[in-house]
Amino acid sequence: MSTKPRKPFAKIRRYTLATVGVVAAVGGVAGNLGSIVDLWEKFSGGGKAALEGELAPVTDVSGTWYAEVNYDWGAKHQEEFVLRLEGNELRGTASFLGLRRGVLEGRMSGDRLSFVTRTLETLGNGPSREVEHRYVGRVSGSEIRFSLQSTGGYSEHVPVEFVARRGP
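All residue numbers for the sequence shown refer to my numbering, where the first residue is 1 and numbers rise by one.
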């Protein structure tokens, strides 16, 4: 007598996916939102909708912020963040190794913010490679707790954590 291994959540997953598919097909929601994934993210509170602030009012971070950043290779720099909030979009500059860089893909939702800056990294006489610096932060009063992840270039880096404080 052989028995199949039980998968207790398999039916629930099948029914959930079927229900989402029916709702999307009947209501035409998938066409309006782009995909069932967008529908799921919108109703589950995750993904792009939450980051863009559809679910929470934003904290105004406009102004100048300063931080002492200890990078993973041992360098220490005073960094400056000049931010301007326009709706849920974040604009401005963020210094990296003391040099100002333009804020790209800046978003704000509630007390959370994210943005990207880019630099070029050169090794010897080789060609330069682009490095993307992804900042994610959480505002609390006159502080922003940041995590910075740099990818690309010639080197691998671990995330760097630091606190920026609002300037006068």
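Fair warning: there could be bad hints in the mix.
Below, computed lysine to aspartate or glutamate pairings styled on EDC-like, alpha-carbon distance capped at 20 angstroms [claimed, not checked]:
{"#": "1", "residue 1": "Lys-76", "residue 2": "Glu-161"}
{"#": "2", "residue 1": "Lys-76", "residue 2": "Glu-156"}
{"#": "3", "residue 1": "Lys-76", "residue 2": "Glu-121"}
Just so you know, these hints were derived from the structure itself, not from any lab.
Here is what the structure says about each hint:
About 13 angstroms separates the Cα atoms of Lys-76 and Glu-161, which keeps this hinted pair within 20 angstroms; it holds. The straight-line distance between the Cα atoms of Lys-76 and Glu-156 is roughly 18 angstroms, inside the 20 angstroms bound, and the hint therefore holds. For the given pair, Lys-76 sits about 18 angstroms from Glu-121 by alpha-carbon distance, which is consistent with the 20 angstroms threshold.
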